[in-house]
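J.: Taking the hints into account, I'd like the entire structure generated from these sequences.
These protein sequence lines are chains L and G, in that order. Under our numbering, the first residue of the first sequence carries the number 1, and numbering increases by one thereafter. Under our numbering, the first residue of the second sequence carries the number 1, and numbering increases by one thereafter.
Among these hints, one or two may not hold up.
Some chain L residues near chain G, calculated using beta-carbon distances under 7 Å [said to hold, decoys possible]:
(1) Pro73
(2) Leu93
(3) Ala139
(4) Ser165
(5) Gly179
(6) Leu181
(7) Asn183
(8) Pro193
Across the chosen pairs, the derived CB separations fall in these ranges [unchecked claim]:
(9) Leu60/G x Arg141/L: 28 to 36 Å
(10) Val52/L x Lys428/G: 50 to 58 Å
(11) Glu148/L x Glu165/G: 53 to 61 Å
(12) Pro177/G x Gln101/L: 48 to 56 Å
Since the hints were made in silico from the structure, they are not lab data. Here a beta-carbon is modelled for each residue, glycine too, at the ideal position from N, C-alpha and C.
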Amino acid sequence: MTEELVSRRDVLKTLSMGAVAGSVLQVIPLHAAEYAHALIEAERANKAVGYVAKFFPPHQYRTLRMLCETILPADAECGGAIEAGAPEFIDLLTSENSEYQLKLGGGLMWLDDACADRYGGTYLECAPQQQKEILDLIAYRKNASIDESLRPGVEFFSLLRNLTSDGFFTSKIGIEYVGYLGNTFLMDFPGCPPVPGL
Amino acid sequence: MPNLNARRTVYDVCIIGSGAGGGTAAKVLTEGGLNVVMLEAGPRLNPEKDFKEHVWPYELAHRGADIGARGRLQLNNEFMAPNGFWDIEGEPYTTAPGSTFRWFRSRIEGGRTNHWGRIALRFGPADFKARSTDGMGDDWPITYEELAPYYDKVESFIGVFGTKENVPNSPDGVFMPPPKPRCTETIVKQACDSLNITCIPSRLAILTKPLNGRPACHYCAQCGRGCISAANFSSSQVMIPMAQATGRFTLIANAMAREIVADKSGKAEAVSYIDKPTRSERRVYAKAFVVAASACESARLLLNSRSASFPDGMANSSGMVGRYLMDSVGSSLAGYFPQLEKVPAHNHDGVGGMHMYMPWWRFGRKNDFLRGYHIEFGGGRHMPGVGMCDWVCAEHEGYGTGLKQKCRSSYGTIIGFSGRGEMIPNEKSYCDLDPSVVDRWGIPVLRFHWGWGENELKMAKDMQETFRSIIESAGGTVLGGPIRAGQTAAISEGGTIIHEMGTVRMGNDAKTSALNSNCQAHDVKNVFVADAAPFVTNPDKNPTLSIMALSWRTSEYLLDQARKGEL
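T.: Structure below.
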């Protein structure tokens, strides 16, 4: 079994069995471990909240969650887009906005189609390396000017990235992450603190 | 059948509109002993319930983006005080072919003063003498010196912070101490000093000391959401309670004025209005009428007040009602300032608005356009909100931990600049009644005609050059394109600065103006206008303070007339 062929099912199965010697987890590289971490987060949050998507069908919503977490992942400092509630926020707005329905709903289908053409499976069925490969193509405008067929993906990803950022940076963890210290009551406003060079 | 007419209540004064002008008139007239009724097209305001002060974005399902993201990057986002919209369902307006104009209306007690920027600038002496100064537009029938005592009264009553600076044609007022500058303002001030651009503490209607039972600001930067403690000025929380305290004030909410009805002698005797909840038409009678529905809405009401005596609308024998519509010239540019990445996390909130601004600093010099503009600016470590990372996402692209960190390091590093300049009134810009469209209440709607003049375009270009030079000399990088949604060119779309003025202008000549020097209709002596409709010019100073000063003056004149038995 090569690392590219490690599927989501394999990862979950392995995780559920625990770190058994010789399991598939021991042979997958670091980026797959990150992927696994995101998956655990996703599954955990799914169970805890029991959120039923308003607009996206289950498969699309699972894909959306994965993408959100990949755009702004959990790291050593704080949680990621899923913990921040970005997928629910995006689903709510999309359920009320026909332009988003077209761009995000259609975009997710485009992504699965593109993955099927290239790798023979949906985005979620792709190996982490394959997922990274397609995202690296649609995450940059310049790729669409080289390969026009990528443009729908680039447009989709650009909107999703903006909305994921909205969801993350308006969350409690996102606000703490940037270090915003206001929204409080002060008797007097102290002004700019001493900063060398200002 | 009882004779309803015989028992009908006749108030001394009926005020239409509860915003800056209407609220001021209500306070002055009731305190002067008159019995006043006010019509407001929207509901009463309940700050405790209606304001979202101190709410975090994550406490709202839409995080501030509002339903379907309609408030994303818009002025009327979910947090703002209940202040109306660019579009109100069932109450349309139209634009003539070739014109673009947007009209922000508020239908609630207090009107747009619930959300306004609190920028409280006096007009200057030259602003009242436009034609005498440069031959364009017209002179006002009053001088700065005549209005100055009323500026004093308004500032003393509402509370305005600022500093005495002696800037030519940007008069000082009665000021409370200003708040200390934020880091962003320190940076910009240094750059302005090096460019010889005047940068001084701003002048905002926000208390920095307690006044008349209102507490001082607590520095949460959320004035636009409405202030539950009324530390900033709104008509609903500062003017109307004073009127109510007299016991001589009646506010009829959800009352959409349809027309002012004249008696056989040509005097106004009633306002016919729609009671929105019952969709029924009612009348309220008074001896005098103060129209303060906002410039365009006041023009609409007068144009709709047609009768045999007034076939073209009330107070409109001159044909001037709706004419000389003005908005401020707006232009915006933002910059990224790398030195702000090094600023440690701190509370940057301050008041809801800028602590510093640039008054017009080239007054009296030779410029390649007439009149002038002031500069507003803001940015830094404000409460994160939707759209905050759009520019990082667009510039940095990609995804993952790198993007997350880039958003954080870029947080608070943007400063946006906006110019607010004087528009010279022109023949192309006016509103009239659309001959074929009515609103859901059956009232004919306004149709807007709009065109900027050459002078305004030159001014907007100058603004862009100035912003660029400030950004660059402060060590920043210009971010591509104007930052405000809907703004595609260097100059703002007509109406979008929300400074409509001049549609029922005052003047000494009844042939070229609708109102006399007391904002009293030339044609109908018991009709007054008390919003920005009487303004003859639109200086680069935001209109609200002048609306209140002029309304106060008009109200004192009306009181004097009442005492003399002239009503």
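J.: Taking the hints in turn, state whether each one holds.
T.: Here's how the hints hold up against the structure:
1. Pro73: 6 Å, holds
2. Leu93: 5 Å, holds
3. Ala139: 5 Å, holds
4. Ser165: Where the cut-off is 7 Å and the nearest Cβ of chain G is about 4 Å from Ser165/L, the hint holds.
5. Gly179: 3 Å, holds
6. Leu181: 5 Å, holds
7. Asn183: 6 Å, holds
8. Pro193: 5 Å, holds
9. Leu60/G x Arg141/L: 28 to 36 Å: With Cβ atoms ~32 Å apart, the hint holds.
10. Val52/L x Lys428/G: 50 to 58 Å: The hint (50 to 58 Å, Cβ to Cβ) holds, given that Val52/L and Lys428/G are roughly 55 Å apart.
11. Glu148/L x Glu165/G: 53 to 61 Å: With Cβ atoms ~58 Å apart, the hint holds.
12. Pro177/G x Gln101/L: 48 to 56 Å: The hinted range 48 to 56 Å holds for Pro177/G and Gln101/L, with Cβ atoms some 52 Å apart.
Violation of the numbered hints given earlier is absent; every hint is satisfied by the structure.
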